[in-house]
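**Q** In order, the protein sequence lines correspond to chains B and G.
By our numbering, the letter at position 105 of the first sequence is numbered 267, and the numbering carries on one by one without gaps.
By our numbering, the letter at position 80 of the second sequence is numbered 1254, and the numbering carries on one by one without gaps.
These are calculated hints, taken from the structure and not from any lab test.
Owing to the predicted nature of the structure, the values given are computational and were not obtained by experimental measurement.
The reader is advised that the hints may include incorrect statements.
[Said to hold, decoys possible] Covered by chain B, according to a simulated footprint, are these stretches of chain G (three or more residues, beta-carbon under 8 Å):
(1) 1200 to 1212
(2) 1270 to 1283
(3) 1287 to 1300
Ideal Cβ placement from N, Cα and C applies to all residues, glycine included.
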Amino acid sequence: MSEERLRAALREIVNAAPVRPDPAAAMTSARRVTGPRQGWLIPTLAATAVILTILALATVYRADTRFPVVGTDSGPSLPDRFPAFSFVQGTTDGRFGRAIALYINGSGHEDFIFAQLILASADDDRYRRLPVPDRGNNYVPRALLSPDGTKVAIGGDGSITVLDLHTGTSTQYPADAAADLTLHAFSADGRRLAYTTPPEHGAGGSLFILDLSNGISARISQRPVKIAAFSPDGGYVAFQEEDIHAYDSLHAEIEICRFDGTSIRSITVPPRTQLAGAQAWSPDGTLLVAVATGPDRQDGPISYTGDRSYVFFDVTGTAQTPAPIPANDLTPRAFGDPVLGWRTPTSMLVSSGDVDGTTSNLIIEVDITNGSHHILSRFSVGARDDLAVGDVQFATALIPEATIRHSTNPNRGSWPTWAIVTAIACLAPAVFGIVLWWTRRIKRRG
Amino acid sequence: MTQPVQVRDDAWFHTVYTAHFANLVQLAFVTTGGLAAAEDLVQDVFTDLYRSRAVVTDPTAWLRRATINRCTSWIRRRIIERKHAGVDQPLFAAALGPDAVAVRKALVGLRPRHRAAVFLRYYLDLSEAEIAAALRCRPGTVKSLLHRGLKVMKEHLQ
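One chain only, chain G, in its complex shape:
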């Protein structure tokens, strides 16, 4: 018995967008540390999805993966910008509790992929397999990313 072919029209895209936009912006926000940048990046990711909607098999994993990759590129560019321009872009600032402040500082010390792994595991509560699909790596690598990420965070938190 064959699966019915899903029509990927604007209505489908609207549904996917509504379902994932917020989570992806949160993921991008944790990874980049900036809300405006996070919204821009996720918007770009959805633009890409619209282009590639005919060939994307698992939109959820695809969106997470694309968001993390865009965030990584954005952070790299920002490091170069800071290095040459010497000017830091203002990031989103909000009143946070002491634990959140400490965790946020600890997250800054992580690499983007470690940050994304921590978010996917401890915020979205994804399984290692789902995180592996989002990061396009093996489950063993996810374990390693989480282990190293938490280790670095603990050093900061202590």
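Bound-form chain B, shown alone:
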């Protein structure tokens, strides 16, 4: 078909449509409209929404970092459920307020390098990650929560840092060694810290007591110490030394000393018996708790570790020692002290994993007079159930008066910076694309 025929055909098609201009109709409809079309409105609103969202996130983040809870009218409380591990766990700069617990979340897997040191509030349902120096290999340096929950001590290379959770300020105390330190216990009054230096460095694993009031460290033992616990009255320290020849590397004696190193008493314990950590001393100061491991069982070619039990030793020579309590299901699933604190002079808190058939870490109250126990709290299992909770510590001075609060909606704080940046980086192109599309659409329409 030639161009002329095409033009003629087009003319015929178009002229077949009886078009009549109708200015009156147009003017009528046009008069209903007042003002210019608001084509800029939606892109502007979208851009404003994005900016406000970013500002809100930034504000929340900043607000979150200054969230000091200095005292509260209500008493301390312990959540009945701790939240599971989360990558978008908010952090604290130290001004966290009073904490009821400190624990490591996300450890226990050799290929997982994101373990977090978590603080749980004593006054509400807040949980924050406490940033600690990264030393590689998923190694979170041991931190200790003070008995009143207002301080955290973190061991470092040649020094100990004590963080005030009310003000966020930290104080560094030089230690008697240039190498990596291991913190063991806070005294009941929060004034002293027991720590050891690594065996291969400096003083060779000796036990030191750091007086936080003057920053002076005093050596207590000459030999390597593995476990230490302060007496409730704050006057003594009990510790168990290392014995590399023993089956469990522990000396079969528990030493009790004053802070000047003077030995008060030595308690001989059966082989394969270890002091139950920093809270091994009963609140009335009469008992020391230890975990004893029985003889290994041999089943054909397989050897099983012997049964464990909580055993009690009289410190004063006047107390009646409770009977041993089976502890196979009442010791930490991953790692941490066997005894976490005391609710009453005769009931202690322990950590476990499978006592009720769940896989979560449990906090259990055990009556030492008869061995009965019940679950106080549990740690939720997240998307990754191969991650463990370890080294659970409580603000031990708050535990006796703490109520159990029902926790359903944990406040993890605002997302960490990397998550906010990533989210914005992912969303920004989409928002920009929508705004651009809308703008072009408006322009195309005139």
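Please build the complex by placing chain G on the supplied structure of chain B, with the hints as guidance.
**A** Frame of chain B; chain G shown alone:
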């Protein structure tokens, strides 16, 4: 020497409307294939022009562009309607000669922008630059649109 500012009052709008309404309806009619839809769409375009009259610099190009864009959107909606409702809307039908019938069938096979380009070039006899302004594209794109449009039409016409 500065240009006198044109007062865009109702009289101005009336003049523009009278001058362009018919051509735009024809453009919309060729693009959409429906007379009623074409009149509605062009009426909407003039409503938009009334709103934006203060900022529109070239009303003729603006009107053509807005009409083509509205027609494109209308066709898209109609395709979706047909897909989901399964009912075809009746279009304007008139007695046409054999060439017109063939061209009309060939136009149906084109995309809306190709259809508009063919109309602007072979009915309104616009230059490539004017068509480019109406379609908001480069003159090179107009050439491509016309070339492809005619090629598809020829396939249909053969």
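**Q** Each of the hints needs a verdict: does it hold here or not?
**A** Consistency of the hints with the structure:
1. 1200 to 1212: That given contact holds, which follows from 5 residues of the region 1200 to 1212 of chain G lying within Cβ reach (below 8 Å) of chain B.
2. 1270 to 1283: holds (count 8)
3. 1287 to 1300: Result for this restraint: holds, n = 4.
Hint compliance for this structure: every hint is met.
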